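So the protein lines, in turn, are chains R and E. So that you can map any letter, position 270 of the first sequence is 255 in my numbering, and since no number is skipped, the others follow by simple counting. So that you can map any letter, position 244 of the second sequence is 720 in my numbering, and since no number is skipped, the others follow by simple counting.
Bear in mind the hints are in silico, worked out from the structure with no lab data behind them. Wrong hints could be hidden among the right ones.
[Said to hold, decoys possible] In the EDC-like style, the derived pairs of lysine to aspartate or glutamate whose C-alpha atoms are separated by at most 20 Å in a straight line are:
(1) K2/R x D648/E
(2) K2/R x D643/E
(3) K213/R x E191/R
(4) K206/R x D188/R
(5) K2/R x D(-8)/R
(6) K707/E x D694/E
(7) K2/R x D653/E
(8) K2/R x D694/E
(9) K213/R x E183/R
(10) K2/R x E644/E
(11) K206/R x E191/R
(12) K213/R x D188/R
[Said to hold, decoys possible] Restraint ranges, calculated between C-beta atoms of paired labels, are given here:
(13) L30/R x P568/E: 21 to 29 Å
(14) R659/E x A198/R: 56 to 64 Å
(15) I607/E x P210/R: 35 to 43 Å
On a predicted model such as this, the values are computed, not experimentally measured, just so you know. Backbone N, C-alpha and C fix where the C-beta goes; we use that ideal spot for every residue, glycine too.
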Amino acid sequence: MASKKSDRISWRGDVTKPLRLRLRGLGLTLPPLVWLTLLMTIPCLTLVALAMATRGQYGDVIWQFTGNNFRRLIGYSFFGWSADNFYVLFRSLWMAAITTIICVALAYPLTFHVVTRPPRTRVFWLILIIIPFWTNVVVRTYAWLLVLGPNLPPARLAAFFGLIPEGAALYPGQFAVYLGMVSTFLPFMALPLYASVERLNWDLLEAARDLYASRFQVFTKAILPQTKPGLAVGIIVTFVPAMAMFVVTDILGGAKFMLIGNLIQQQFTQARNWPYGAALSLALMVMTLISMAIFRRRSGLRNLS
Amino acid sequence: MDKKRPLVALVAILSLALLYIPSIAVAIFSVNNSRYGLAWRGFTLDWYKLLLQNEYIHQATINSLILAVVSTIASTILGTALALGLDRYPWPKTLHRFFDISINIPIVVPDIIMAVSLTLAFSFLRVITPIFELSLITLIIGHVTFQISFVTLVVRSRLASLNQETDEAARDLFASDFYLFRRVTLPLITPGVLAGAMLAFTLSLDDFIISFFTHGPDSVTLPIFIYASIKRGLTPEIHALSTLMLLFTVVLVVIAERLSRKF
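Kindly generate the complete structure, drawing on both the sequences and the hints.
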C-alpha cells in the first residue's frame, strides 16, 4: 500500500501519478505543437534542402543536388559574375538601417511630447500612434501615391527647386520609398519606446541639468540609459521587418529599387524559381539572426519576444 | 518637465503629419467628384455608392471577415491550450526550451519567410489531399499558424501573474478537473484570452504578406484586392474602400483601448 502511494506526486494541489499528469499536459500541448511543427518548423527547415534543389524546366522543383542557387546568390550566373545581388543585399541592410535611424530620431520627440501631455489628453495622443500601427500596410503605402502625385503641392515644390521635371510625380524613387518606410515603421518604434519613456525618472534629468550637463549629455547620460529596453525592442521590430520589406518598395520604388524581399517574392511568383527563392530566404534568415544577435548583445537584453 | 520645448513639439507634430497626411489625402480623394486625375472637382459620395454595388469588393470583404473570425477562434483555442499545457505541467527543461523556440519562430522570423514556408508546406500537403489547394482554407490555416504564437505569448503572461494557491485551494475542496478549469482557471485567464483573441483578430485584418502567398484565385481579401488595384490602376472606389477600412481600424483601436482600461 505504501509503495503504491509513493508513486503519486502532488502537483498544484492535485495528487496524481506523473504519467497521468504528463498525458494531460500532452493533450493540451500536442495539437498546437503538431500544427506548428507540420506547417512551420518542418517547412522552415525544408528551405535548406530546397535551396540545394534544381529548378525544372516549367518552374517545378527537381530534387537533385546543386550548389548553383548559392552561386547565383553571390552573383555568379551564365554571364559571369555581377554585383547586382550584392547591391540588393547591401541595399536591404542599408535601407533598414537608415529607416531605423530616422525612426529613432522622430520617435524620441514624439514619445516625449505624448508623455508630457496632461493625463486626460495623453490617451488621445497615444491612440494617434496606435491607429497607424494597426492600419494595413498596403493602404498606408498606396496613400503616398496620392500625396506625391504629379501637380500636387509636394511635387510642385520639388519641381520648383528643379529636383524633378515639371508635371512629374515624386515616385517611383528613393525619396518615396524612404517616406513609405519611415511612416510604416515609426509606430513600431514609438510604441515600445513609449513604454520606457513613460517610466522615465525625471529627477535624473533634472539632476544632470543641475550639474551643467549639455542637452546632448542629458540625452546620452540620463535619457538613453533609462530608455534602452524600449529602444532595443523598437530597433528590432523596425530593423528586421524593414530588411524583409517588399510592399513599400514594390509600390513606391519601381523596378530599380529592389530589396531582398522583392527578389524572394519574384522567385515564388512570376519567376517560379522556388529553389533560388529558398536560397534568398536563407540569406535573409541569416541576416535576421545576425542582426538580432548583435542588438541583443549590445542592449544587454536577455528575454526578447 | 515644466519647460516648454518647441523643437520637441515641432518634430512630434511633423511625425504625426507624416503618419496622417497620406490617410487624409485618401479620404479627400474618396469624396472628389473626378474619376481620373488628382484635381479637386467638388464633393460627392458616388464612389461610396459604387463601392456598395461592387461584387468583387463584397466578396473580398466577406472573405476578410470570415478569415479573421475563423482564424481568431481557432488560434485562440490552440494558443490558450498551448499556454496552459506549457505552464501548468512539469516538463523537463530541455523539452521546455524546445517548446519556447518553436513558439518564438513566427514572432522572430520575417513574415515573408513564414509565407514562403507555408507555400512550401501546402505544396507538400497537396500531394496527400486536395484540401491544401490554395483557397480560403489555406488562407485560414496560414493565419492560424502565425497567430498561435501571439495568443500563447499573451495568455502566458497572464498565467505568470497568477498564483498556484488558488488551484490548491480548489483541489482541497474536491474540485474535479473540469470544475477547476471552468470555475477557477478560465475566469482568471479570461482577460488574457480576450486580449490574445483581439491581437489575433487585428493581426489577421492587418496582414498582407502571408495572405498574398497563401490565397487562391477565389479567396481574395481586401488588402489583396487593393494591391491588385494599385497594379491595374487606382479608382476612387479604392479610396472610398480604404477610408472605410481606416475608420474601422479607428473604431477597433478605441474599443480595444476602452476594454483594456476595464481589466
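The hints, checked one at a time:
Distance check on the hinted pair: K2/R and D648/E sit about 17 Å apart at the alpha-carbon level, within 20 Å; holds. As the CA atoms of K2/R and D643/E are separated by approximately 17 Å, the hinted pair is consistent with the 20 Å bound. This hinted pair checks out: K213/R and E191/R have alpha carbons roughly 19 Å apart, not beyond 20 Å. Note on K206/R and D188/R: the hinted pairing holds, with a Cα-Cα distance of about 13 Å set against a maximum of 20 Å.
A hinted pair counts as satisfied when its Cα atoms are at most 20 Å apart, and K2/R with D(-8)/R qualifies at roughly 6 Å. Annotation: proposed proximity of K707/E to D694/E holds, straight-line Cα distance about 19 Å (limit 20 Å). Of the pairs offered as hints, the one joining K2/R and D653/E holds, with about 14 Å between alpha carbons and a cut-off of 20 Å not exceeded. Using a Cα cut-off of 20 Å, the hinted pair K2/R and D694/E is violated, with the two alpha carbons roughly 51 Å apart.
Taking the CA atoms of K213/R and E183/R, the gap is about 13 Å. The hint holds against a cut of 20 Å. Between K2/R and E644/E the CA atoms are separated by roughly 16 Å; this keeps the pair inside 20 Å, and the hint holds. Between the alpha carbons of K206/R and E191/R the distance comes to roughly 12 Å, so the proposed pair stays at or under 20 Å and holds. At roughly 17 Å between alpha-carbon atoms, K213/R and D188/R fall within 20 Å of each other, so this suggested pair holds.
Remark: the range hint 21 to 29 Å for L30/R to P568/E is upheld by a beta-carbon distance near 23 Å. For the pair R659/E and A198/R, the supplied restraint of 56 to 64 Å holds, since their beta-carbon distance comes to about 57 Å. At about 54 Å, the beta-carbon gap between I607/E and P210/R misses the expected band of 35 to 43 Å.
The structure is inconsistent with the numbered hints 8 and 15, although it conforms to all the rest.
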